[in-house]
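Protein chains: 2
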Amino acid sequence: MSDSDAAMTGAEALVSTLADHGVTACFANPGTSEMHLVTALDREPRIRSVLCLFEGVATGAADGYARVTGRPAMTLLHLGAGFMNGGANIHNAKRAWTPMINVIGDHSVPHLRYDAPLTSNIMGLAGPNSVWIKSANHVSVTGDLAAEAWAASFGPVPGPVSLILPADSAWTEGATPGKTRAQPFLRAPDTALVEAAAKAVKSAKKPMILISGTALTGPGLGHAARLKAAGIRVLTDTFFPRQVRGAGIFAPERMQYFAEGAMADLEGTDLMLVAGTQVPVAFFAYPGKPSLLVPEGCTPMVLGGPESDSAAILEALADTMGLTEAAPAPTLEIPDAPTGALNAATIGASIARHMPEGTFVSDDGVSNGLPSFMMTGRARPHDWMMLTGGAIGQGMPLALGAAIGAKGRKVLCLTGDGAGMYTNQALWSMAREKADVINIVFVNHSYRILNIELARTGAGNPGRVAADLLGLGRPEIDWVKLSEAQGVPAVNATTAEEFDAALARAFSEPGPHLIAAHVPAR
Amino acid sequence: MSDSDAAMTGAEALVSTLADHGVTACFANPGTSEMHLVTALDREPRIRSVLCLFEGVATGAADGYARVTGRPAMTLLHLGAGFMNGGANIHNAKRAWTPMINVIGDHSVPHLRYDAPLTSNIMGLAGPNSVWIKSANHVSVTGDLAAEAWAASFGPVPGPVSLILPADSAWTEGATPGKTRAQPFLRAPDTALVEAAAKAVKSAKKPMILISGTALTGPGLGHAARLKAAGIRVLTDTFFPRQVRGAGIFAPERMQYFAEGAMADLEGTDLMLVAGTQVPVAFFAYPGKPSLLVPEGCTPMVLGGPESDSAAILEALADTMGLTEAAPAPTLEIPDAPTGALNAATIGASIARHMPEGTFVSDDGVSNGLPSFMMTGRARPHDWMMLTGGAIGQGMPLALGAAIGAKGRKVLCLTGDGAGMYTNQALWSMAREKADVINIVFVNHSYRILNIELARTGAGNPGRVAADLLGLGRPEIDWVKLSEAQGVPAVNATTAEEFDAALARAFSEPGPHLIAAHVPAR
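These protein sequences, in sequence, are chains A and B. Note that my numbering has the first sequence beginning at 37, numbered continuously upward. Note that my numbering has the second sequence beginning at 37, numbered continuously upward.
By construction, these hints were calculated from the structure, which means they are not laboratory data. All of these numbers come straight from a predicted model, not from anything done at the bench. Mixed in with the good hints, there may be bad ones.
A pair counts as met if it fits within one copy or between any two copies, since identical chains are not told apart.
[As the list claims (entries may be wrong)] Straight-line alpha carbon distances no greater than 30 Å define the calculated DSS-like cross-link-like pairs of lysine-lysine that follow: (1) Lys470 to Lys517; (2) Lys238 to Lys517; (3) Lys325 to Lys170.
Next comes chain A alone, as it looks inside the complex (with noise of 0.2 Å):
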């Protein structure tokens, strides 16, 4: 311990101990009890503060960073309820395997037993859904548990950890900070797995394999590739935390959303590998309708789940098979400026016009999410990052993020008017920090997708009460006044060829932009 180290707080030795890690960004909400991990981080350069004015913008954010640079960030969280705030977003990055260090600030450990108002069960709350958790009880353990907080972010499966830290350690001198780790690495492909993989394909009559992690990154689909040369279908989750795509970069097909649509698809796969992922079930389940999305008489062969590195089971799979063909990617297609009647395929032409190289897309549009992703398959390279864990108002959290993250490419975010309402506080964040975002919201002033489920679920015609609880069209929001009210320029689009010019311009100018898209509710 150096004499700089001496009058170490506790909160210091935390925020130092994360710095050393390469934790380069807070997204922060503080309250009282967190005052020391300001000033702490006032004093860290090394860390990036931004202040999010609500905990699920934060988390959101912790997310995209994340996903984006591959490496965690922490999150500032005000005791049990400023981590219930951020909780979906926490979930959905759980449901991603993101990388994330949620910091919860707590009472001081004597004033817990006198039930203060603030007080809740942080471990009872937060547990669910860390995948590690601890409380720095000490001020002597703050360092040391901050670097195991952040190894233990990264596996055995990735995912958010929660390090509760109570005032009294946080303020307390003496502190030291942690020993630093190593970043675990992700499982290595089983050999005796892949090569029983290997045999399984030649006698199968349509294989298949499902891939999500780095399989989803250039040289993992480049395996990918030389799969599907070989006559293996290779699909991607509905949703996934990341995939890079666009022209030269193989393409993938992706499971289809409604159980019914994805075992029609299916149907006849006798073999169906699974990398980086979990077996497909359905996102939902209906009456009568099936959870498991594996074909009868095909028993799912997992070669690795989210712990593993699945580019490199796709490597030694491809090696064991022998292949050295790969089938061909999609080349370089700009579409025609779009006319007329604005909608979700008018909007997806100009994105594949616009969207520069590089581009990181944040998909939280539900219903109009995946005509945009069709229209880009063929546009410059670009990452496509989803909703993993099915909680909206990601999407605007999730692009903040990724644009302090990926400074120098642009983030699109693409929100229905549902979701976005969800965490609409993301837009004054986004103008703080001059993130180059746009936002694209698809204002059709409904829960359009809830609409579709309403019917599928068989509850029946909908009345003027279940209309009402689905619809967001009395009043209209005016998304154009809700983003300038937090500082981000925005304007209304209501044909293609207004959309088409106005994201252009919003592409050529730095810092935050909003379109409201007004298209179809049905």
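Please arrange chain B on chain A, whose structure you already have, making use of the hints.
Just chain B, lined up with the frame of chain A:
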């Protein structure tokens, strides 16, 4: 079971059972797993369904509804993520001992084992902040569990209950309504304890009683006035769920917020009686400052906690002591129109001038709430409702629910700009429901309370990063646009005259309004 019940789904049994028990409002944000609840609500004319664009609005509104009506509302939340989004205001409701019935949709029971994207451990997440939690894992129990949930929300200690409804229990037919239950009563006074207290008062030099709950109603405060006339100091918690006050109503004192102030104020107190609440503790701990707000040598005597009928306790105590005289109540005093600079005190004067009798005040004003409270002590009689749990973002949702519960009475919401941003989506529901809410946003572009706390915790002087983490001024939020974007007419006020005129106009018109009151940051 009548013929008409034969085809009742679990969702219908749940909804109609709650309606049978007097539940008349549902604050909802449904998803796919709640579609059968949506259609059940569609067929239940006794329950008013209110769509909220974020679950924290729904739970805060249910709290406001119950505080105003004395009856629980139901909420409709979408799985674990929906619960967490509503979690902070459920925490606040638990700290206000508010009955509330959170109905949480879940996947169908057979679907749960597949770990679909939206699956989470709802029992684990919701348990810590629920006074009762059960899952209706079979259609046959839906009705009875709804009745049990309703009763449990009233006690032993009133608070939020969680009723989890798996989708298959919701959609399956063959359910029956639950057997009607009686409403549990608050606990009656303990005669022996009351007699002991009466004796202890006689030998005390400086006795006091700390009150909350039914003690803060008109009858309760009438009894409190008798105790006051007999030399017992009467105080409320710093933050209480609801208190009737103003001209003609005995005004208790209020515990101070900061621990050192509270301890100085209580110095010399040698007897502390407690009725309807807990022994007082500091909101936060600070280095070297006390947690328990009880003077040395003074042993608190708890006559009844939040589970008790504190008005009846005060009555029993006053009767046992043979008290007939009552301390005087404040007389009506309407201030002159304030002039000059706008600040929390001139705002309070305007409120005292224009607030009609019977107004419900929802106070989430943080550092600006106290002056308004003090300025309205002699105003027309009204009810004041506070943030008891410390999780900001309650003000506007609580006001929404209060307006729906208290048809014909005005609601005044006081909120900070930091607090207001948390759940700004409440404005949209106010517009849709034409709720009679006047929102006053104290715009100081700052988490002002945190700037105060930063100094108090000894965390040091803020540098640029710390100042940025506590400041909302870059960019400044345009509250008028934010409000108009969601359908609520709004104006800025920068002088006392402007504010006074705006408030008079807002009270004279039906429906929601917002006034952005620009007050000093220091």
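Each hint tested on the structure:
no., hint, result
1, Lys470 to Lys517, "both (19 Å within a copy, 21 Å between copies)"
2, Lys238 to Lys517, "neither (60 Å within a copy, 64 Å between copies)"
3, Lys325 to Lys170, "between (41 Å within a copy, 27 Å between copies)"
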